[in-house]
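> Here is how the chains run, residue by residue.
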Amino acid sequence: GEDVEQSLFLSVREGDSSVINCTYTDSSSTYLYWYKQEPGAGLQLLTYIFSNMDMKQDQRLTVLLNKKDKHLSLRIADTQTGDSAIYFCAEIGAGSYQLTFGKGTKLSVIP
Amino acid sequence: DTGVSQDPRHKITKRGQNVTFRCDPISEHNRLYWYRQTLGQGPEFLTYFQNEAQLEKSRLLSDRFSAERPKGSFSTLEIQRTEQGDSAMYLCASSLDSPLQPQHFGDGTRLSIL
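Heads up: the protein sequence lines correspond to chains A and B, in order. Position one of the first sequence corresponds to residue 130 (the working numbering), numbered consecutively onward. Position one of the second sequence corresponds to residue 10 (the working numbering), numbered consecutively onward.
It is worth saying that the hints were derived from the structure and are not from the lab. Mixed in with the good hints, there may be bad ones.
Said to hold, decoys possible - Only pairs whose alpha carbons sit at most 27 Å apart, straight line, appear in this in silico DSS-like list of lysine-lysine: (1) Lys232/A with Lys66/B; (2) Lys165/A with Lys197/A; (3) Lys20/B with Lys232/A; (4) Lys165/A with Lys66/B; (5) Lys196/A with Lys235/A; (6) Lys20/B with Lys165/A; (7) Lys235/A with Lys80/B.
Said to hold, decoys possible - What the simulated footprint calls covered on chain B by chain A, stretch by stretch (three residues with Cβ under 8 Å from a Cβ of chain A suffice, anywhere in the stretch; the number is not a length): (8) 43-53; (9) 60-70.
All C-beta atoms, glycine included, are put in the ideal place defined by N, C-alpha and C.
Extracted from the complex, chain A is given alone in its bound form:
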């Protein structure tokens, strides 16, 4: 089946930038998503990018997509302690309705 891979942990200092990386295998992926999950909570949609784009910026968030390498990244500028959470990369293939998620990257922000 299709697969989405992420590194499991990332630790950054408050005020620095965080970069969370993701790779995927589905060449028919149409949309790629970043969700945030805080402890005991559901998933909050952060941003998403269509597969024919290579970059999207939304306030402190920048998404970069390299479709050739099937690589997606999420950059969080000026990382705050409130950004500490698990970040999930997800993709949806052409004609599909189901999201395929990675295992999530736990971001820890050091004050």
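Please arrange chain B on chain A, whose structure you already have, making use of the hints.
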């Protein structure tokens, strides 16, 4: 209505009991999805409704699981004869009726089987 609502937030039950969860989607969303998330994993797709029609089911959805959306609004997910392996977070999501619209998730129901 500010988001997807799930009830209960937590459910503890003994093995072998039946449980039912409810999901209320965002009011104008006619697509509704159920996912299951186990510890340390990302969510996995279970099933999907467009209005009241259940259009897709994962092989993860054994015959002990049944989902309904009788009037195309709220949905229920029932698990019969629960097993230890059913312990997980059950997440509901909804979206507008377009392949381009993102899925918005509720806070989930955490199921613990004793």
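> Hint by hint, note whether the structure agrees.
The hints, checked one at a time:
1. Among the hinted pairs, Lys232/A with Lys66/B is consistent with the structure: their alpha-carbon atoms are about 21 Å apart, no more than 27 Å.
2. Distance check on the hinted pair: Lys165/A and Lys197/A sit about 26 Å apart at the alpha-carbon level, within 27 Å; holds.
3. As the CA atoms of Lys20/B and Lys232/A are separated by approximately 24 Å, the hinted pair is consistent with the 27 Å bound.
4. Between the alpha carbons of Lys165/A and Lys66/B the distance comes to roughly 25 Å, so the proposed pair stays at or under 27 Å and holds.
5. About 24 Å separates the Cα atoms of Lys196/A and Lys235/A, which keeps this hinted pair within 27 Å; it holds.
6. Simply put, Lys20/B and Lys165/A have alpha-carbon atoms about 23 Å apart, close enough for the 27 Å limit, and the pair holds.
7. Our distance criterion of 27 Å between C-alpha atoms is broken by Lys235/A and Lys80/B, whose separation comes to about 39 Å.
8. Counting residues of the segment 43-53 of chain B whose CB lies closer than 8 Å to any CB of chain A gives 6, so the stated coverage by that chain holds, three being the minimum.
9. Closer than 8 Å: that is the beta-carbon criterion, and the segment 60-70 of chain B has 3 residues meeting it against chain A, so the requirement of 3 holds.
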